[in-house]
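Line by line, the protein sequences give chains A and B.
Quick note, in my numbering, the first sequence goes up one by one and the last residue is 311.
Quick note, in my numbering, the second sequence goes up one by one and the last residue is 450.
Just so you know, these hints were derived from the structure itself, not from any lab.
No residue lacks a Cβ here, since even glycine has one placed at the ideal position from N, Cα and C.
Some hints could be false.
Below 35 Å or equal to it, Euclidean Cα-Cα: the simulated DSBU-like pairs (lysine-lysine) are [said to hold, decoys possible]: (1) A/Lys-62 - A/Lys-46; (2) A/Lys-188 - A/Lys-139; (3) A/Lys-225 - A/Lys-62; (4) B/Lys-422 - A/Lys-46; (5) A/Lys-153 - A/Lys-139; (6) A/Lys-225 - A/Lys-188; (7) A/Lys-62 - B/Lys-422; (8) A/Lys-62 - A/Lys-139; (9) A/Lys-46 - A/Lys-225; (10) A/Lys-225 - A/Lys-139; (11) B/Lys-422 - A/Lys-294; (12) A/Lys-153 - A/Lys-46; (13) B/Lys-422 - A/Lys-153; (14) B/Lys-422 - A/Lys-188; (15) A/Lys-153 - A/Lys-294.
Far from chain A, some chain B residues (derived; all Cβ distances over 10 Å) [claimed, not checked]: (16) Val-389; (17) Asn-398; (18) Gly-449.
Every beta carbon over 10 Å from chain B, so not counted as near; a handful from chain A, in silico [unchecked claim]: (19) Glu-131; (20) Asp-135; (21) Leu-251.
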Amino acid sequence: MAHTAVTIACEEKSQPSLKVGNFELASRLVVGTGKYASYAEMAECLDASGTDCVTVAVRRERLLNTAGENILDHLDLERYTLLPNTAGCFSADDAVRVARLGRELLRDLGNKGSEWVKLEVLGDQKTLLPDPVGTIEATQRLVDDGFTVLVYSSDDPIVAKRLKDLGAASVMPAGSPIGSGQGILNANSLRICLEYLKDGDPEYPVIVDAGVGTASDVAVAMELGVDGVLLNTAIAHATDPRTMALAMRSACTAGRYAFLAGRIPRKRYATASSPESGRIHESS
Amino acid sequence: MSSNEIQTERSMIIFVNGQETQISNGHTAHDLLLDLGFETRPVAVEVNKEVIPRALLPSRVLCEHDQIEVVTLVGGG
C-alpha cells in the first residue's frame with residue numbers, strides 16, 4: 028500500500044503552515060516576548076521555539092532613562108513578524124489607541140506586522156479575562172480601520188462567532204486565564220468554538236491564546252484541531268526556559284500530527300492488541 | 374526686543390506621558406522628540422489621542438496643554 032506523502036508543514040520553513048488574513052507563518056507557535064530574565068535569554072528561547080511570529084506590547088517610552096536597551100535591539104526583524112498587542116487595555120477606546128500606536132511604530136520599522144494586531148480588551152485586573160462587550164466594539168472599529176484583527180476571547184462559542192462575523196481574521200480563545208498555567212480547562216467549549224468558527228470555512232484560523240502551563244497543554248490544544256497556540260509565561264518562567272521552548276515546539280508539532288492522524292475513540296473497556304487466537308493454553 | 378522675539382521665547386505647558394513639561398512656544402512634535410533625545414529611537418507619538426505619523430511630526434505644532442504620548446515597543450505576550 029502506498030503511503031500518503033507527509034506534507035505537514037509544522038516544521039517546514041519552505042511553506043507556510045499558519046495563515047491569518049494575508050499573513051503566512053511557518054510555525055504554528057506564536058511566542059510572547061515578556062517576562063524573560065534578560066533579552067539574551069528571550070532571543071535564545073525564541074530561536075529554540077522555532078517561531079517566526081512574536082508578540083510585543085506598546086508602552087510609554089521612559090522619559091528619564093534614554094540609555095536603556097530596547098527590545099528591538101534583540102529581535103531580528105527579518106526573521107520575526109511582530110504582532111503588537113493591546114495588553115493592559117480595559118476599554119475599547121484604549122485598545123484602539125494602542126493598536127494605532129503599534130501600527131505606527133511597526134510601519135516606521137518597516138515590519139509587516141504593522142497591519143495586524145492582537146486585540147485584548149480586558150474585563151478586570153484579577154482575572155484578565157476579556158470584556159466581551161468592549162472586545163466586540165474594538166474589533167468592529169479596528170476592522171473598519173483596516174487592521175487584520177486577531178482577537179483574544181473567552182472560550183464562549185457565541186462570542187467567538189460574533190467576533191468572526193465582525194471580521195476578525197482569527198479568534199483566539201483562552202485555554203485558561205493569562206499566565207495561570209492551567210492549560211485547557213474547557214476542551215468542550217473549544218471544540219464547539221472550532222465547530223462554529225470553521226463551519227463552511229475550514230481554513231479559518233483559531234489560535235489558543237493564554238493559559239498554557241507546559242508542553243502537554245500545547246499538544247492537547249493542537250489535538251483538538253486549533254491552528255496554533257500563543258504562549259509566553261510557560262516558556263519565560265520555566266526553570267529552564269530554553270529547554271521548555273524546545274518542548275513547546277515539539278508538542279506543537281506532535282499535537283498537529285495527532286490531530287491530522289485522527290485519534291482512536293475512547294472506550295470504557297479493554298480491547299486486546301495481541302491476537303485472541305493461537306494462545307498456548309487454548310484447547311484445540 | 375521685538376514682539377516676534379517675545380513670542381518665540383514664551384513657553385507653555387504640555388503633558389508628556391502624563392508628566393507636566395515646559396516647552397517653547399512654537400515647538401513641534403519633532404522638536405519635542407529632539408528635546409527628549411528620542412529622535413532616533415523607535416517611538417510613536419500621539420497628540421490628544423491622535424497618532425501623528427513620523428513624517429508629519431515636524432509640521433505638527435504643539436499647543437498649550439496638549440496631551441502627548443510617546444510610546445515604544447516592550448516585551449509582552
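Status of the hints after comparison with the structure:
no.: 1; hint: A/Lys-62 - A/Lys-46; result: holds (27 Å)
no.: 2; hint: A/Lys-188 - A/Lys-139; result: holds (27 Å)
no.: 3; hint: A/Lys-225 - A/Lys-62; result: holds (33 Å)
no.: 4; hint: B/Lys-422 - A/Lys-46; result: holds (32 Å)
no.: 5; hint: A/Lys-153 - A/Lys-139; result: holds (33 Å)
no.: 6; hint: A/Lys-225 - A/Lys-188; result: holds (10 Å)
no.: 7; hint: A/Lys-62 - B/Lys-422; result: holds (29 Å)
no.: 8; hint: A/Lys-62 - A/Lys-139; result: holds (24 Å)
no.: 9; hint: A/Lys-46 - A/Lys-225; result: holds (14 Å)
no.: 10; hint: A/Lys-225 - A/Lys-139; result: holds (26 Å)
no.: 11; hint: B/Lys-422 - A/Lys-294; result: violated (58 Å)
no.: 12; hint: A/Lys-153 - A/Lys-46; result: holds (33 Å)
no.: 13; hint: B/Lys-422 - A/Lys-153; result: holds (27 Å)
no.: 14; hint: B/Lys-422 - A/Lys-188; result: holds (31 Å)
no.: 15; hint: A/Lys-153 - A/Lys-294; result: violated (40 Å)
no.: 16; hint: Val-389; result: violated (7 Å)
no.: 17; hint: Asn-398; result: holds (21 Å)
no.: 18; hint: Gly-449; result: violated (3 Å)
no.: 19; hint: Glu-131; result: violated (4 Å)
no.: 20; hint: Asp-135; result: violated (5 Å)
no.: 21; hint: Leu-251; result: holds (21 Å)
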